[in-house]
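Number of protein chains: 2
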Amino acid sequence: MRTFIIKANKAHTRADFSLKDLPGTSGRIDLLCRSLNSAFLLSHGFRKNVRVWLNLNGPPDPPKTIRFEGSEIKPKTINPDEISLAKIIIKALKVGEGIKEPAKEYPVLPGVYVSNLRFEDIIRRTIKNSTLYYLHEEGKPIERVNFKGNVTFVLGDHEGLAREDEAFLEGIAEKVSVGKKSYLTSHVIAYVNIFLDNLL
Amino acid sequence: MRTFIIKANKAHTRADFSLKDLPGTSGRIDLLCRSLNSAFLLSHGFRKNVRVWLNLNGPPDPPKTIRFEGSEIKPKTINPDEISLAKIIIKALKVGEGIKEPAKEYPVLPGVYVSNLRFEDIIRRTIKNSTLYYLHEEGKPIERVNFKGNVTFVLGDHEGLAREDEAFLEGIAEKVSVGKKSYLTSHVIAYVNIFLDNLL
Numbered sequence: 015m016r017t018f019i020i021k022a023n024k025a026h027t028r029a030d031f032s033l034k035d036l037p038g039t040s041g042r043i044d045l046l047c048r049s050l051n052s053a054f055l056l057s058h059g060f061r062k063n064v065r066v067w068l069n070l071n072g073p074p075d076p077p078k079t080i081r082f083e084g085s086e087i088k089p090k091t092i093n094p095d096e097i098s099l100a101k102i103i104i105k106a107l108k109v110g111e112g113i114k115e116p117a118k119e120y121p122v123l124p125g126v127y128v129s130n131l132r133f134e135d136i137i138r139r140t141i142k143n144s145t146l147y148y149l150h151e152e153g154k155p156i157e158r159v160n161f162k163g164n165v166t167f168v169l170g171d172h173e174g175l176a177r178e179d180e181a182f183l184e185g186i187a188e189k190v191s192v193g194k195k196s197y198l199t200s201h202v203i204a205y206v207n208i209f210l211d212n213l214l
Numbered sequence: 015m016r017t018f019i020i021k022a023n024k025a026h027t028r029a030d031f032s033l034k035d036l037p038g039t040s041g042r043i044d045l046l047c048r049s050l051n052s053a054f055l056l057s058h059g060f061r062k063n064v065r066v067w068l069n070l071n072g073p074p075d076p077p078k079t080i081r082f083e084g085s086e087i088k089p090k091t092i093n094p095d096e097i098s099l100a101k102i103i104i105k106a107l108k109v110g111e112g113i114k115e116p117a118k119e120y121p122v123l124p125g126v127y128v129s130n131l132r133f134e135d136i137i138r139r140t141i142k143n144s145t146l147y148y149l150h151e152e153g154k155p156i157e158r159v160n161f162k163g164n165v166t167f168v169l170g171d172h173e174g175l176a177r178e179d180e181a182f183l184e185g186i187a188e189k190v191s192v193g194k195k196s197y198l199t200s201h202v203i204a205y206v207n208i209f210l211d212n213l214l
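Those sequence lines, one after another, are chains A and B.
Residues 15 to 214, numbered by this note's numbering, are exactly what the first sequence covers, in order.
Residues 15 to 214, numbered by this note's numbering, are exactly what the second sequence covers, in order.
A couple of the hints might just be wrong.
Repeated chains share a single entry, so a pair holds when one copy, or any two copies, can fit it.
With a straight-line Cα cutoff of 25 Å, these simulated DSS-like cross-link-like pairs (lysine-lysine) come out [said to hold, decoys possible]:
hint, residue 1, residue 2
1, LYS108, LYS34
2, LYS105, LYS88
3, LYS189, LYS34
4, LYS105, LYS34
5, LYS34, LYS101
6, LYS88, LYS195
7, LYS195, LYS90
8, LYS108, LYS90
9, LYS162, LYS194
10, LYS142, LYS162
11, LYS189, LYS24
12, LYS90, LYS194
13, LYS88, LYS189
14, LYS142, LYS118
Note that these hints are calculated values from the structure, not bench results.
All of these numbers come straight from a predicted model, not from anything done at the bench.
Modelling step: build the complete structure from the supplied sequences, incorporating the hints.
See the structure below:
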């Protein structure tokens with residue numbers, strides 16, 4: 015099982031943005047849509063062994079967390095284009111309006127859940143049965159990592175993780191790098207997926 | 015210099031599609047938008063050493079070819095999201111309406127040109143000063159290729175290249191593979207870019 019956890023610092027936590035201008039109105043939910051595309055899609059195929067956590071921390075009601083569970087998602091739910099993926103996020107944010115219980119996940123679609131889980135909650139739930147890696151350009155080169163069993167990759171958005179998040183991950187998640195440059199989140203996910211496929 | 019040539023068999027050659035539903039109305043111009051994103055964008059950066067040829071062969075007026083020249087493109091022209099990239103393609107298709115000369119390129123924006131060049135024309139222009147590779151899952155593993163100088167990668171869209179295109183490329187472009195699975199065009203471009211960065 016591969017898990018990707020994406021912390022989006024500015025992504026809106028209510029469906030108050032325009033599909034016509036995701037980058038300008040949503041706190042970069044476009045980036046999250048492309049990350050879903052990279053995490054799940056093959057050419058005419060779908061990765062059932064992938065889980066994605068999107069952790070949204072923008073206005074007006076942070077945090078909102080959307081979990082995508084590859085093994086449960088129905089065919090044709092995850093389409094490649096940004097607009098259709100943004101519509102799923104909108105649906106999740108609508109279900110997530112006004113939820114109170116911090117630890118409970120609410121169903122949105124088969125395999126899609128929304129909650130008020132915080133970044134730290136996601137990490138704590140994940141670490142129980144997965145090795146954690148934090149993708150960062152200053153990490154250990156990915157080809158020198160000995161991947162075994164369930165693996166989880168933590169990524170930031172266009173602003174990267176905040177210092178307190180990095181501090182929280184220290185000792186929990188090894189820093190791993192796909193290269194010396196700073197790459198877009200969706201490109202890193204695509205690279206990691208193909209890299210791991212080739213190890214098998 | 016890195017060049018990516020993408021042959022899109024069904025991509026519309028006039029701006030007769032809807033931005034609200036690119037996958038359903040444009041012959042998959044959404045795929046071309048994500049390919050531009052993968053080819054050019056770094057996190058807070060832009061790859062000036064990249065050229066992209068989009069070769070559109072869908073209705074109603076094929077072929078239309080749009081060249082993106084990284085070294086000439088102005089900052090903030092290539093944004094990450096599909097809609098803003100689709101707007102550039104629309105602009106190019108509008109400039110391309112009714113052009114007659116098959117060999118002439120018309121300016122759309124700084125670094126963006128439109129023409130009636132055919133796939134074969136693009137290949138012939140490129141091969142003069144670049145080594146050609148055809149990205150295909152049955153090709154030679156990319157890590158065993160000895161890349162030198164200018165390199166060009168030919169990719170298909172969601173349907174892949176037609177048999178006659180493959181026949182045309184035989185002996186001209188070595189088949190290279192990033193892995194045994196069939197990956198989305200934009201994921202392959204992201205992978206190749208990061209892979210080549212790491213060789214330097």
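Hint-by-hint comparison with the structure:
1. Within a single copy, LYS108 and LYS34 get their C-alpha atoms as close as 19 Å, and across copies as close as 21 Å, so both meet the 25 Å cut-off.
2. Only within a single protomer do LYS105 and LYS88 lie at most 25 Å apart by alpha-carbon distance; the minimum there is 16 Å, versus 37 Å between protomers.
3. For a Cα distance limit of 25 Å, the shortest separation of LYS189 from LYS34 qualifies neither inside one copy, at 36 Å, nor across copies, at 39 Å.
4. Taking the shortest alpha-carbon separations for LYS105 and LYS34, both the intra-copy value of 17 Å and the inter-copy value of 17 Å come in at or below 25 Å.
5. For the homomeric pair LYS34 and LYS101, the shortest alpha-carbon distances inside one copy (12 Å) and between copies (11 Å) are both at most 25 Å.
6. In this assembly of identical chains, the alpha carbons of LYS88 and LYS195 lie at most 25 Å apart only when taken from different copies (21 Å versus 36 Å within one copy).
7. When the C-alpha separation of LYS195 and LYS90 is checked against a cutoff of 25 Å, the pair qualifies only between copies, where the shortest distance is 20 Å, while the shortest distance within a copy is 34 Å.
8. Taking the shortest Cα distances, LYS108 and LYS90 sit within 25 Å of each other inside one copy (21 Å), while across copies they are farther apart (32 Å).
9. Proximity of LYS162 and LYS194 under a CA criterion of 25 Å is satisfied in both settings, with 24 Å inside one chain copy and 20 Å between copies.
10. Taking identical chains as interchangeable, the C-alpha atoms of LYS142 and LYS162 lie at most 25 Å apart only when both belong to the same chain, with a minimum of 15 Å there against 46 Å between chains.
11. Within a single copy, LYS189 and LYS24 get their C-alpha atoms as close as 23 Å, which meets the 25 Å cut-off; across copies the closest is 42 Å, which misses it.
12. For the homomeric pair LYS90 and LYS194, the shortest alpha-carbon distance between copies (23 Å) is at most 25 Å, but the shortest distance inside one copy (36 Å) is not.
13. In this homomeric assembly, LYS88 and LYS189 never come within 25 Å of each other (Cα to Cα): the closest approach is 33 Å inside a single copy and 34 Å across copies.
14. In the homo-oligomer, the alpha carbons of LYS142 and LYS118 lie at most 25 Å apart inside one protomer (18 Å), although the nearest pairing across protomers, at 61 Å, exceeds that limit.
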